[in-house]
Structures are given as structure tokens and as C-alpha cells.
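Peer 1: Could you build the full structure based on these sequences and the hints that come with them?
This is what each chain is made of:
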Amino acid sequence: MVAMKELAVTVETRRRRRVPWANARLASWAVPPSCALVGGIALARGDPDAVGDLGLISAIPLVVFACLGLLSASFVLVLRATPLRRSLLAAHVLVLLLLLHGAPSLLEQEPRFATAWLHAGFVDQIAQTGQTLPGLDARFNWPGFFAGAAVLLRGIGIDDPAQVLRWAPLLFVLLALAPVYLIASSFTRDARIPWLALWLFVPADWVGQDYFSPQALGFTLFLAFMVVLLRWFGPARQALAVRTRPSLAAESSSRASPTAPAQAGLIALLMLLYGAMVWSHQLTPYFAVAATTALVLLGACRMRTLPLLLAVIAIAFVSYLAVPYWSGHLGDIFGGVGKLGSTVSSNVADRVAVASGTYQWVPRTRILMTVAVWALTLLGAGMLWWHGRRVLPLLSLVVVPYSVLALQSYGGEVLLRAYIFALPFAAVLMGTALVRVVDVNVNVAAAVVLPLLTLVLCAGFYVARFGNEAFEMVRPGEVAALKQLYRSAPPGATFASLDSNVPWRFTGIERYDYATLPIGPRAPTGGYLERVRRLLAGNPDGGYLVITHGQIESARLVRGVPPRQVVELERRLDRDPGFTPVYRDRDARVYRFVDPAGVVHAR
Amino acid sequence: MPASGIRAHGAVASVRVAPLLAASCLVSVALLAAPVPAGVRALVALPTVLLVPGLCVMRRVPVREPLVDLALAVPVSAALIVAVAQAALYLGAWHPRAALVVLLLASAASLTSDPRSWRRRRRRGGAR
Chain A
8 MVAMKELAVT
18 VETRRRRRVP
28 WANARLASWA
38 VPPSCALVGG
48 IALARGDPDA
58 VGDLGLISAI
68 PLVVFACLGL
78 LSASFVLVLR
88 ATPLRRSLLA
98 AHVLVLLLLL
108 HGAPSLLEQE
118 PRFATAWLHA
128 GFVDQIAQTG
138 QTLPGLDARF
148 NWPGFFAGAA
158 VLLRGIGIDD
168 PAQVLRWAPL
178 LFVLLALAPV
188 YLIASSFTRD
198 ARIPWLALWL
208 FVPADWVGQD
218 YFSPQALGFT
228 LFLAFMVVLL
238 RWFGPARQAL
248 AVRTRPSLAA
258 ESSSRASPTA
268 PAQAGLIALL
278 MLLYGAMVWS
288 HQLTPYFAVA
298 ATTALVLLGA
308 CRMRTLPLLL
318 AVIAIAFVSY
328 LAVPYWSGHL
338 GDIFGGVGKL
348 GSTVSSNVAD
358 RVAVASGTYQ
368 WVPRTRILMT
378 VAVWALTLLG
388 AGMLWWHGRR
398 VLPLLSLVVV
408 PYSVLALQSY
418 GGEVLLRAYI
428 FALPFAAVLM
438 GTALVRVVDV
448 NVNVAAAVVL
458 PLLTLVLCAG
468 FYVARFGNEA
478 FEMVRPGEVA
488 ALKQLYRSAP
498 PGATFASLDS
508 NVPWRFTGIE
518 RYDYATLPIG
528 PRAPTGGYLE
538 RVRRLLAGNP
548 DGGYLVITHG
558 QIESARLVRG
568 VPPRQVVELE
578 RRLDRDPGFT
588 PVYRDRDARV
598 YRFVDPAGVV
608 HAR
Chain B
1205 MPASGIRAHG
1215 AVASVRVAPL
1225 LAASCLVSVA
1235 LLAAPVPAGV
1245 RALVALPTVL
1255 LVPGLCVMRR
1265 VPVREPLVDL
1275 ALAVPVSAAL
1285 IVAVAQAALY
1295 LGAWHPRAAL
1305 VVLLLASAAS
1315 LTSDPRSWRR
1325 RRRRGGAR
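Taken in order, these protein sequences are the chains called A and B.
Using my numbering, you'd call the opening residue of the first sequence number 8 and step up by one each time.
Using my numbering, you'd call the opening residue of the second sequence number 1205 and step up by one each time.
If you're looking for bench data, these hints aren't it; they were derived computationally from the structure.
Please read these numbers as outputs of a predicted model, since none were measured by experiment.
Heads up, a few of these hints could be off.
[Stated by the list, open to error] Label pairs and their calculated CB-CB ranges:
| # | chain 1 | residue 1 | chain 2 | residue 2 | range |
| --- | --- | --- | --- | --- | --- |
| 1 | A | Asp548 | B | Val1221 | 55 to 63 Å |
| 2 | B | Ala1310 | A | Ala57 | 45 to 53 Å |
| 3 | A | Asp548 | B | Ala1297 | 30 to 38 Å |
| 4 | A | Thr122 | B | Thr1316 | 41 to 49 Å |
| 5 | A | Gly364 | B | Pro1251 | 41 to 49 Å |
| 6 | A | Gly306 | B | Val1221 | 38 to 46 Å |
| 7 | B | Leu1224 | A | Gly515 | 37 to 45 Å |
Beta carbons: idealized from backbone N, C-alpha and C, even for Gly.
Peer 2: See below:
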């Protein structure tokens, strides 16, 4: 019987080798470096000014899509080959990562996203003073990431964090790849599923939680935590195996319980990773507690007391070391408990409702991407269930992150967080669903279906991930204007803006007052100017009004403010004797306010 | 065959590689102390600080899979950097460069000791 099976495998392998373009496998070695080179150069030579209402996709050269198509066709070929060439598959995944997540780093002149610049300011504050400012911003109550980055950057002597901000997103997604592969291989013996999981994880990771931020570090630590938990304390690997050909089975690895000293070492490792999570980000530990609890309840984790221990550590931290956060804000923290409807509304419906015109397709694409990921995940789970496999432990890891939705809206972002924490496990189920496509005997089906799906996912990724690029992109003039402002403004001055989307506060966050006076779509410009004047006149240290291209785009796309409203405002500012332009270029304008009574507050 | 997917020595930070990693720690410490451009310092010290402390821990945690070592090295290093930074903050001893030097020297010291001989010594002690 065994001999017959081996014979069948040999015949199957020979049949595959006869396929004409399967011989082109050798050419696949040339595909990843060629695509990286051609696509990378095309992106680096791209025009950032071409970014439109759909975001970065308008500026992506067509040759990049050609590279992505070629790469995915080659990936399918390599995946269908036996034995699997792991290094070649890894090269394909890395190039996919570069062309998708590295696109803005290659195309744009400055690091993107105002919040990343703000986080650089938090790091600068700790690096300069060795002090946190929990009263200034709630994020200082979880200073692990900022303090760690401060030690790293200040210790090495990196004073300008621009390159760190630019490449951090690529690095954080890169760091997720090996853990996602290991998590996937913890659940299956089919060696192709982890590669498919990785291939789908890269474009499905569109939520943008990978910039220079505590949650990016938290997610990295969470994945490492889950790798240790699943590989040494988790369910048996064959639990999810689906009809694996012997030639494609993963290398055998003993999965018996570790010895007592080894177990102690692994628990210490878990605690180190979890401790850093607790110190760095307020939400990540609860995803770890939820995932561990689900595994224990389903009998898929041998450490039954672990969830309790993790919960106690998280609660103890909040109770003793994050007092400034919760004292006086209990209503904000617990006000959302049980209000599932309003949380979903603030996460989904409100975001779609505010968008207008072409930009509406950005939130719609995000919803479509999420639905596609859920559909593929459920398909994979259904297939496993149909084959009588134990799917609940893995499915529970996909579902439990969404339980946080019942607790609070987290500023309308909790759905994004839940999605990203579910994605590594969803990717395994998606890979399980699609491995059958790769197995289809008709070569054309395999050659067309997966590459086409990849291309659709990649296009969806560019829109969903970088759809806000018109205002999240940081332009060189904006950085130059703000650097000049910090050089010239006296400490204590007030900086005002028309929209919160400004890449400021990257230095001296405690030295200045910051205020955003949102300009309305139909408000009279004169009335708005009067509000700005009143705000700036109230500060004896002086005041500045900062207008950047990103603010104008954000106000236009998100709040429907017509650009002529800002043009009219600038015309009035130029005529107003109280405002003196101190910086002006195509990307930014800065006006210094001088009291109309003749007292010059700002030096 | 060692028990349970686990063996007594780190897969990546093996006996042959450990001296190289220890040397990179010492070179990084020297660069941190020397008046060299930040770019040069970052080129050597940044990857060392992000990889080697984690590999040292993985060496003590008996795991036999190189991919696991590599996958966990950076997160574990990051966790150690966070721990060191938190300690410096809470103790009011904020010296970022000194914190990095301590971490690198501890890693170098850990790499120069062989966990297998440490375990053998402990077993002998236990037998007596």
C-alpha cells in the first residue's frame, strides 16, 4: 500500500515535470531580482505629484504592476514544483513586500504620516531629558517603545530620525514574515500553506499599523509570543493537515512536551516578550490575553494558568504605572463597554460617510478587502471542517481579536487593530483555501487564478493602505517650513493649523502650544480668520499659523472643504496687517501673528 | 535525539558563530565610544544591537530550529532594549549610550560562555 502511494507520487511528480512551462522554473531564479530592480527603479523615479484622490496608486508606474504580475506567475510555478525551493519562495515574498510596503519609501522624498513624526517627537523628548510627560499625552503612560527607541537612537547618535521613519514600516512587516511562516507551519504539515499564507499576508496587511509606533512593536512582540506559545505549548501540528502529498510535507519536527528546564526557559521568554508588550502599548496585551484564553478554553494550550497570569500583569501595570491615564478618565475608558453598535459605526459607517467623490472608493476598498479576507478565511475553515479537521483553535484566533470591539471604539481604530491581530491566523486559513487552486491539474487555472487574485489584492492594497496619501504624504516644503519654524519661534509660542494633519511636534513637544482650528466647508473665511486671531492674540509669547498642502488635501477629502476656501483665507491673510508671512513655498506657508495694537509678541 | 524539538544549544549562535557575534559586540562598543560619524556607527552597531542580544537569549533557551532563532532574535532584542530603557527611566539613570554598552558587553560575555559546559557543571554539582 505504501509502495503504491510512493509510486503514485513519483508518477505525479514526473507528470508535473513534463509540463512545458514547468521547465521555466529555472528562469524563476531570475524573476525576483529582476522585478526588485525594475520595480524599485520605477518607483524611485516615480512622480509624487501624481498622487491623486485614490492615493498612491495614481503615482505607481504601470511597470510595477507588470512586475507584480510576473512575480505572482513565477511564485505559482515555484510553489507547484517539487521539491519546494524555499529560498526562491522567500525571495518572491521579499520582493512582493518591497514593491507593496516599500513603495512610498522609494517614491516619496520625505517619510510619510504625521503621527510617525509625532512619535519621533516623543522619542526626542525622552532622549533629551530622560523624562516622560504622561500629562501631555496618554501614550507616555506606556513609554516602552519610545524609551527603547530613545536608547537605541540616542545611544548610537542618530539625531535625525528621518531614515528611521522612512524604513520602519518595511522593517516591521519584514519582521512579521518569519513569525507568520512559523505560526502557519505550527498548524499544518503541508509545506506550501505557510508560503501561501505569507504571500497573502503581505497584500492583506493594509491597515497601516506598521509605521514608527508602539503598536508596530507590540504586533512584532505579539507574533513572537504566539510563535513560542503555539510551537511548544500549542496543539499538535497535524491538526489542520489537509491531504498532503508526502513530497510536500514539511520537515518532521518532534512536538512533544519540552523538558522541565526547557519549559522554564520558554516561559521566561514568554514573560520577557509579554512584559515589553505591556510596557509599550495599551491594547496589545489584551489581544495576547484573548488569544491565550481561547486556546486554553479549547484545550489547545497546555499552560492553563497562563491567561490568568497575563491578565494580572496587564491589570497590575495599568493600576500602578498608568495612573495618570485612568484617573479622571474612567468614563472615557469604560464608556464604550457593550456599545458594539456605536463602536462599529465609528469604525466603519462614519468613515465611509465623511468621504466624498473619488475618495469614497478608499474606505469602500478597505471594506471590500476586509470582506475578501474574511470570505477566504471562512472558505479555508469550511474546507478543513468538511475534511473533518479540528479547525476551532485556529478559527478562534481569527475571531477573538474582534471581541475587543465590545469594549471600546479606541478612537474609531479598534476594528483596524482587531483585523491586524487576526490576520496572521486568517492567512493560514486563506492559504489552506488557495492551496487547492495550486493543486488543480489544469495548469492554466493555476497560472491564471492565483496571479490574478494577487494582482487584484495588490491593487486593492495600494488603494486601501495608501489611499490617504494625498494628505498623509509629507512634502519636502512642509518639513523645511516646520524646521525653520522651530529654529525661529520663541519657546511658549502657539502654533495653529487648519487641520490636524501636520507633521509637526517632531522636536520640542513641550516647548510650544499646538492648536487646530478646523476650517469648515461653508464657514465665512472672515469669521474663521477672527477665530485664529483671537487664539494667537491670547498668547503673549506669540503665535504662528501653519498652512500645508497636506492640511488642504485632508480638509478637502475628509471634510469637503473646497480649496478655494483656503485660497480666499490666504488672500485675506496676505492683506491683514496682523499676519506676516515668514515662510512660503508650493508646499507650505507660515504666518507670524503680530498684535494689531502694535505689540510684537513673537520675536 | 534530544527531547521535544529542543536541544541544549542555540542553532544560530552556535559555537562557531558565537565568537564572531561577540566580536561584533566589542567592535560596536568601541564604535560607540569613538568619535566616528553616526552613519558608520549605525551601520555596525544598529544590526548588532537588534540581533545579538536576542540571539544570546535564544542560545540559553534550548531551541534547535535556526528559523525560530532568527524569527525571535529581533523581537527578543527589542524586548531587552525596552527592559533596559525602562530600568534607566525608573531608576533616574538616563544614559542611553551607557545602556547600550552594558547590553552589548553582557551579550559578549554571554556568548563567550558555553551553555553546554554550564549545564554539565550544574549536573555535576547536582550529583554531588
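Peer 1: Against this structure, judge whether each hint is valid.
Peer 2: We went through each hint and held it up to the structure:
About 57 Å separates the C-beta atoms of A/Asp548 and B/Val1221, a value consistent with the hinted range of 55 to 63 Å. The hint said 45 to 53 Å for the Cβ distance between B/Ala1310 and A/Ala57, and at roughly 50 Å that hint holds. A hinted range of 30 to 38 Å holds for the C-beta pair A/Asp548 and B/Ala1297, which are about 34 Å apart. Between A/Thr122 and B/Thr1316 the CB atoms are about 42 Å apart, so this pair conforms to the stated range of 41 to 49 Å.
Between A/Gly364 and B/Pro1251 the Cβ separation comes to about 45 Å, which falls inside the hinted range of 41 to 49 Å. With their beta carbons about 39 Å apart, A/Gly306 and B/Val1221 fall inside the hinted range of 38 to 46 Å. The supplied range of 37 to 45 Å is met by B/Leu1224 and A/Gly515, whose beta-carbon atoms lie about 42 Å from each other.
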